[in-house]
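**Student:** Here is how the chains run, residue by residue.
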Amino acid sequence: GAVVSQHPSRVICKSGTSVKIECRSLDFQATTMFWYRQFPKQSLMLMATSNEGSKATYEQGVEKDKFLINHASLTLSTLTVTSAHPEDSSFYICSARVAGGNTIYFGEGSWLTVV
Amino acid sequence: GQQLNQSPQSMFIQEGEDVSMNCTSSSIFNTWLWYKQEPGEGPVLLIALYKAGELTSNGRLTAQFGITRKDSFLNISASIPSDVGIYFCAGQTLTGANNLFFGTGTRLTVIP
Chain A
456 GAVVSQHPSR VICKSGTSVK IECRSLDFQA TTMFWYRQFP KQSLMLMATS NEGSKATYEQ
516 GVEKDKFLIN HASLTLSTLT VTSAHPEDSS FYICSARVAG GNTIYFGEGS WLTVV
Chain B
5 GQQLNQSPQS MFIQEGEDVS MNCTSSSIFN TWLWYKQEPG EGPVLLIALY KAGELTSNGR
65 LTAQFGITRK DSFLNISASI PSDVGIYFCA GQTLTGANNL FFGTGTRLTV IP
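Those protein sequences? They're chains A and B, same order as listed. Numbering of the first sequence is given in the numbering used here, commencing with residue 456 and proceeding in unit increments. Numbering of the second sequence is given in the numbering used here, commencing with residue 5 and proceeding in unit increments.
Quick caveat, the hints were computed from the structure, so don't treat them as lab data. All of these numbers come straight from a predicted model, not from anything done at the bench. Here a beta-carbon is modelled for each residue, glycine too, at the ideal position from N, C-alpha and C. Mixed in with the good hints, there may be bad ones.
Simulated restraints on C-beta separations [said to hold, decoys possible]:
id	chain 1	residue 1	chain 2	residue 2	range
1	A	S538	B	Q18	42 to 52 Å
2	A	K496	B	Q18	15 to 25 Å
3	B	F16	A	D520	42 to 52 Å
4	B	T28	A	W566	25 to 35 Å
5	A	K521	B	F16	34 to 44 Å
6	B	T28	A	G555	25 to 35 Å
7	A	C468	B	V88	41 to 51 Å
8	A	N557	B	G44	20 to 30 Å
9	A	I467	B	E42	39 to 49 Å
10	B	G44	A	D520	22 to 32 Å
In silico BS3-like cross-links for lysine-lysine, where the CA-CA straight-line distance does not exceed 27 Å [unchecked claim]:
id	chain 1	residue 1	chain 2	residue 2
11	B	K40	A	K496
12	B	K40	B	K74
13	B	K74	B	K55
14	A	K469	A	K519
15	A	K496	B	K55
16	A	K475	A	K510
Here's a subset of chain B near chain A, in silico, CB distances under 10 Å, partners left out [claimed, not checked]:
id	residue
17	Q41
18	G44
19	G46
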């Protein structure tokens with residue numbers, strides 16, 4: 456079946472630094488990828504929708520300059536958390552929609568801890 | 005973004021019991037999905053529903069797409085310890101980028 460891989464699965468960074476999380480669709484092309492953030496014991500909250508070759512669409516309240524999204528190819532989207540702060544510590548999950556279809560597959564998630 | 009209300013928030017049941025949970029929204033969705041998430045992992049799709057009134061089963065799991073398109077139900081029969089996890093409903097809207105809006109989650113604990 457289709458697999459979506461995220462890397463890294465866990466990352467610890469110092470406050471003020473930037474960290475990049477990758478989301479790859481391994482055996483299918485994805486014109487659209489989605490980035491979610493999930494705090495402990497809470498639901499997934501959509502941060503942004505990433506379309507290949509165009510600018511991402513951010514949800515209300517999500518700072519586009521802080522959470523930089525790049526979807527340069529049909530199999531890769533990246534989320535860069537810039538100038539990270541402890542409150543950015545969270546579980547970040549991506550999903551990818553199969554090109555030409557409606558099926559959406561989720562990555563395994565990436566734990567970000569900002570110290 | 006939109007949020008779907010799930011109930012109950014948590015459940016503690018005895019192994020072998022049946023489980024029911026539901027999801028409601030103020031908005032209409034054209035697709036309802038049910039996911040299970042285990043600690044530290046991404047959600048895994050359990051059942052997808054594409055038509056109002058649709059009833060679909062996947063092993064011991066059965067889900068229904070409400071007639072009003074504003075709700076969905078998930079039932080788990082004869083629960084086992086590995087059913088433990090958080091169950092999320094998710095809806096896809098009629099318009100937009102086909103992104104998913106997630107429910108608040110139901111945390112299920114199965115006591116052996």
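**Student:** So, for every hint listed, does it hold in this structure?
**Tutor:** Verification of the hints:
1. S538(A) with Q18(B): 42 to 52 Å: holds, 49 Å
2. K496(A) with Q18(B): 15 to 25 Å: Because 23 Å falls inside the window, the suggested range holds.
3. F16(B) with D520(A): 42 to 52 Å: Since the Cβ atoms of F16(B) and D520(A) sit about 44 Å apart, the hinted range of 42 to 52 Å holds.
4. T28(B) with W566(A): 25 to 35 Å: holds, 31 Å
5. K521(A) with F16(B): 34 to 44 Å: holds, 39 Å
6. T28(B) with G555(A): 25 to 35 Å: holds, 32 Å
7. C468(A) with V88(B): 41 to 51 Å: violated, 32 Å
8. N557(A) with G44(B): 20 to 30 Å: holds, 27 Å
9. I467(A) with E42(B): 39 to 49 Å: Violated, at about 22 Å.
10. G44(B) with D520(A): 22 to 32 Å: holds, 29 Å
11. K40(B) with K496(A): holds, 14 Å
12. K40(B) with K74(B): Judged against 27 Å, a Cα distance of about 20 Å means the pair holds.
13. K74(B) with K55(B): Given pair K74(B), K55(B) holds - Cα atoms ~12 Å apart, limit 27 Å.
14. K469(A) with K519(A): The given pair, whose Cα atoms are some 21 Å apart, holds under the 27 Å limit.
15. K496(A) with K55(B): Answer violated: K496(A) to K55(B) is near 31 Å, above 27 Å.
16. K475(A) with K510(A): holds, 17 Å
17. Q41: holds, 8 Å
18. G44: The hint holds - G44(B) has a Cβ within 10 Å of chain A, the shortest such distance being about 7 Å.
19. G46: holds, 4 Å
Comparing the model with each numbered hint stated earlier shows that hints 7, 9 and 15 do not hold.
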